[in-house]
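Asker: If you read the protein sequences in the order shown, they are chains L and U. In terms of the working numbering, the first sequence opens at residue 343 and continues consecutively. In terms of the working numbering, the second sequence opens at residue 4 and continues consecutively.
Do not take every clue at face value.
These stretches of chain L come out as covered by chain U in the derived footprint (C-beta under 8 angstroms, 3 or more residues) [said to hold, decoys possible]: (1) 403 to 411; (2) 532 to 543; (3) 630 to 639; (4) 666 to 672.
Bear in mind the hints are in silico, worked out from the structure with no lab data behind them. None of the values given here were measured: they were computed from a predicted structure. Glycine is no exception: its CB is placed at the ideal position from the N, C-alpha and C atoms.
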Amino acid sequence: MMQAGTIRAWSWVHKWTSLISTLLLLMLCLTGLPLIFHDEIDSALNPESWQPAHPGGAPLTLDEILDISLEHRPGEVPIFMSFDIDRPVVNVTTGPAGDAPGHDMHFASFDLTSGDLVPPADRGESVMEFILQLHTDMFLGLPGMLFLGAMGCLFIAAIVSGIVLYAPFMRKLDFGTVRRRQSPRLKWLDYHNLLGIVTLAWVLVVGITGVINTLETPIIDTWRTNELADLVAGNEAALLAGPRASLDDAVREAVRLAPDMELQFVAFPGSGFSTGAHYAVFLHGDTPLTENIITPVLIHAGTGEVTGLRQMPWYTKALSLSRPLHFGDYGGLLLKLVWLVLDLVTIIVLASGLYLWLTKRESPRRRTALSHASGAGSV
Amino acid sequence: MTGRGANRERQRGLAAMFAVPAALFAVSLTGLIAALLLDGGLDTLFALAAGSGILALAWAFFGKRN
Chain L
343 MMQAGTIRAW SWVHKWTSLI STLLLLMLCL TGLPLIFHDE IDSALNPESW
393 QPAHPGGAPL TLDEILDISL EHRPGEVPIF MSFDIDRPVV NVTTGPAGDA
443 PGHDMHFASF DLTSGDLVPP ADRGESVMEF ILQLHTDMFL GLPGMLFLGA
493 MGCLFIAAIV SGIVLYAPFM RKLDFGTVRR RQSPRLKWLD YHNLLGIVTL
543 AWVLVVGITG VINTLETPII DTWRTNELAD LVAGNEAALL AGPRASLDDA
593 VREAVRLAPD MELQFVAFPG SGFSTGAHYA VFLHGDTPLT ENIITPVLIH
643 AGTGEVTGLR QMPWYTKALS LSRPLHFGDY GGLLLKLVWL VLDLVTIIVL
693 ASGLYLWLTK RESPRRRTAL SHASGAGSV
Chain U
4 MTGRGANRER QRGLAAMFAV PAALFAVSLT GLIAALLLDG GLDTLFALAA
54 GSGILALAWA FFGKRN
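One chain only, chain L, in its complex shape (with noise of 0.2 angstroms):
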């Protein structure tokens, strides 16, 4: 039997990180709930009536989208370029500079046939883009995110505490026993410890990988520093004064280099992605072990000269692999349908769990309460 004061240490550590954390854990359980729909969300509002200009024309270089998105942008700078999968479209990121922050940068979708704008469809966007923001940084940018990093770490603490505390409430009853007939706090403390207990690899998945995200821009700082500072250290200074290599080029290489992999998107000179003076045109792999794991050419866009493929590390393979493993969209509608129960589940184990410690404070019989957790496998 757990000794009364390792249940007293546990209960300690489970109650505060608990406590401290549990507000902004019900806010992003709250604003997640739409996240894990967002495409249907986004296709449900904006239903596809677009048409290229020329179906089955001869596309335009990438070059040529490149100049009319600097036209209809003049001051600004590229900063990524990604392409639809199932249209002819090109998407370009410009801003006013490479490292412009996301709210200073600008998107806007070309058609590959013609040049022409695309429509954005984007109704409900800004909705959704607020519950995302709400939900990544908090409007609050890099800090936001590594307070968000931190609460989660709080909260892997209150998973691994609660794991240790289920010993002792659970040693004479069985799984799954609710006791509806008592108290209603002794009622609620099993659909605590049963509702808790079942979703363990769920919240501890996506408490982890929530954890990781947070730390994307350190992540990617990182990978910057280490990985490409043999490119960075010549040609950080010597940003493109001339003319620029041709992107058409520098994308056919990118793709001849790496036959067995897909071209997803091109970071330009100066933006988080690449150096300051390389294109980084970005592959994934075409199996689904590898498809979310990315991997960069990179290209000088000043002289053309390929520096060719840079496997990524381990720190940032684990970031590709944490978008999908938190957010749930990567195995179709019963997935995230799962995930949406999940969710509810745990918002339910949350406030109950706020529930059990706004009576457990009233009562005055508290040291009587946990002799008789670690005795009877009740409080």
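Here the structure of chain L is known, so what remains is to put chain U in place on it, guided by the hints.
Answerer: This is chain U only, laid out in the frame that chain L set:
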């Protein structure tokens, strides 16, 4: 009861308490990760495995006499 006997009983107790939660943990985790890393044909099976905790809850609420 001897110390060894008490120890065996404690271990049995822990094993009994955590048998179902540990099985649910393993099945859920396998489903969550397999859905990400393996081919799409078995997505339904992996989603059900990931949601095995929900099935256990349904049993506790509707199938089990408390």
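Asker: Now tell me, hint by hint, if it's right for this structure.
Answerer: To see whether the hints hold, each was checked on the structure:
no. : hint       : verdict
1   : 403 to 411 : violated (count 0)
2   : 532 to 543 : holds (count 7)
3   : 630 to 639 : holds (count 3)
4   : 666 to 672 : holds (count 3)
Checked against the numbered hints given earlier, the structure breaks only hint 1 and satisfies all the rest.
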